[in-house]
Amino acid sequence: MSFKLTECMMSKKKFNSRNVTCMIFEGISYVAATITVLILILIIGKIAIEAIPSLTPYFLLTPESKTKGFGGGIANAVVGTFLIATISTMLATPFAVGTAIYLKKYSKDGFLVRSFSFMIDVLAGTPSIVLGIFGLMFLVFYTGFFTGGFSLMTGSIALSILILPVIERAAEEALDTVPSDIEEASYALGANKWETISKVTIPYALSGIITGIILSAGRAAGESAVVILTAGYSQFLPEFKVASSEKLVFGIKVYPFQDLVGTLPINIYHAYQFPNLVSPSEGFAAAFVLIVIVMVINVVTRLIVWRHRIG
Amino acid sequence: MTDYSKIQLKLPHLFFFTCASATALIALFFVGFLVYTALPVFQSQGIINFITGTEWNYSKEVYGIGTFIYGTALVTIVTLFIAVPLSLFTAIFLAEYASENVARKVRPMIELLVGIPSVIYGIFGLYVLENIYQDYVNHFLSSTLGFLPLFENVNPNTGSGVLLASTVLSIMILPTVTAISEDSLRSVSRHYREASFAMGATHWETIRRVVLPVASKGILAAITLGTMRAMGETMAIVMLLGTSQRMPSSLLETGYAMTSKILTDIGFYVADEGPRSALFGIAVVLFAIEMVFVGIARSLGGRK
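Protein sequence lines correspond, in order, to chains A and B.
Positions 25 to 335 (our numbering) are the ones given, in order, by the first sequence.
Positions 896 to 1199 (our numbering) are the ones given, in order, by the second sequence.
Hints are computed from structural coordinates only; laboratory data are not their basis.
We put the beta carbon where it would ideally sit given N, CA and C, even for glycine.
Pairwise CB distance ranges, derived in the manner of DEER restraints: (1) B/A1183 with A/A215: 44 to 52 Å; (2) A/E208 with B/R1085: 27 to 35 Å; (3) B/S1139 with A/V323: 39 to 47 Å; (4) A/I59 with B/S916: 45 to 53 Å; (5) A/L136 with B/V1187: 20 to 28 Å.
When the alpha-carbon atoms are kept at most 20 Å apart in a straight line, the in silico SDA-like pairs for lysine to any residue are as follows: (6) A/K223 with B/I902; (7) A/K217 with B/Q903; (8) A/K128 with B/L904; (9) B/K901 with A/G214; (10) B/K905 with A/G214; (11) B/K1000 with A/R326; (12) B/K1000 with A/I68; (13) A/K271 with A/M161; (14) A/K128 with B/A917; (15) A/K217 with B/D898; (16) B/K905 with A/T220.
Work out the full structure, taking the sequences as your base and the hints as a guide.
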């Protein structure tokens, strides 16, 4: 099928009001889709063009602490973004996948399943700012002696609550794709429930589950409202060391986990917050790097799905 | 031997049950903590006063969030007015008109829009669209439709306001609404379409009278999810709607949303019990609204 704006006319070859209406709405659909695609090209293109003047190797490889003032370098934020996205995903995955397997394969009680699933939907619909102030109050202030106040650990825990329902839903969908034939075949061979789940169900659903996990890492990397209230911001590169601290539990502070951490979304927010210190171009450059990171994550996910389809 | 296989059966069951319970406990604790922290403000102001009151004053300890609810509601409604037609027709294009080849190229592009973090939409709106709105769009609207109070250009020196915030939010929710609507349009049985064509209906008549009614539940669920995303958005709203505490009567005016009130003020008042519980009160109201929407989306069957 090629481009066919006159499909309605072709089918009838009569120029009456019904066919004209048909044509008009077909036209509207084409226009709407064109606008949608144009919006995307416009946004990415404009951000890239604005970003280019600031996008130098120096900008990418220098932590902000080594530059004059604000916004001159983002190396600290790139490292911080990777750390926080990885750790929060690692924290959320066992709970999320475990919950999905329980709900899909073990639980038989209809009421229990429905209330669990409602709770997960509610958690998924929670506005990020609500999760942010929960993190600020509970993790930063009430349990700050353990998490280190505003820190990588606090940010990761708060983000892991945010992405938990995302991974859980993806895992449930992946488990749904497993054909019951092969599970029944496994039972017919005398395998028990755990053997069937671990050797048949999970391997089959694995690529779907991993897709969900990676996509949620992208979500964690781009989240800002939660991070700004829980992880704070630091101009320094995260460092690995242990120092003594009287405020924290055991009297030691473990870097980088209990230390402030800088992330890219906060760099971008600075372009709004401190317009005199951070130029728009630097903000757009940080935005461009973040988009590239998220896009790479998406492409990796696609490759996994694609490889699974081929295999 | 039997002991071993019993353990092998029981242990994973126990493990997965623990995971699920932990998730449920986290969710319950989260909700409980929010309500507990917000309790003082509900007691001192009364729930009705808190929701309908329009005065918010820390020194007088009067907290009413009517202004913020109004701001959030106005922005969300305008967002839906922009986003729903655009995404619905895009979904119709992808499901009905586009060849598989074209759809396969357009769909990943739309999905890419989901991946762009909200803070990036925020600075895009602030540094790119704001100037355009200030110089052209707002002028144009107020000169052509200015006789309506809805399009009065109250402050020509800024492009920020309800319309700019809604435009950017509608770009943000567009991919969500499009993708789920397209799924539900595609799930309509081929037989219905063929029956309609056989009756002599044109393609559009088939879409309008057969496909859309059958897919309406899924489309409504998509719109509900889009609404939730628009309401809960913080960063872009703070940057684009402005933070002026009044009820905008014009779309070109700045306002204040519930989410932005929490973000702008929590940093200053987190150690103060009264103001803190008032800000948590906003969060609880926002959360309650989201829960209603989750209920609606679930009853429509659009789970995502």
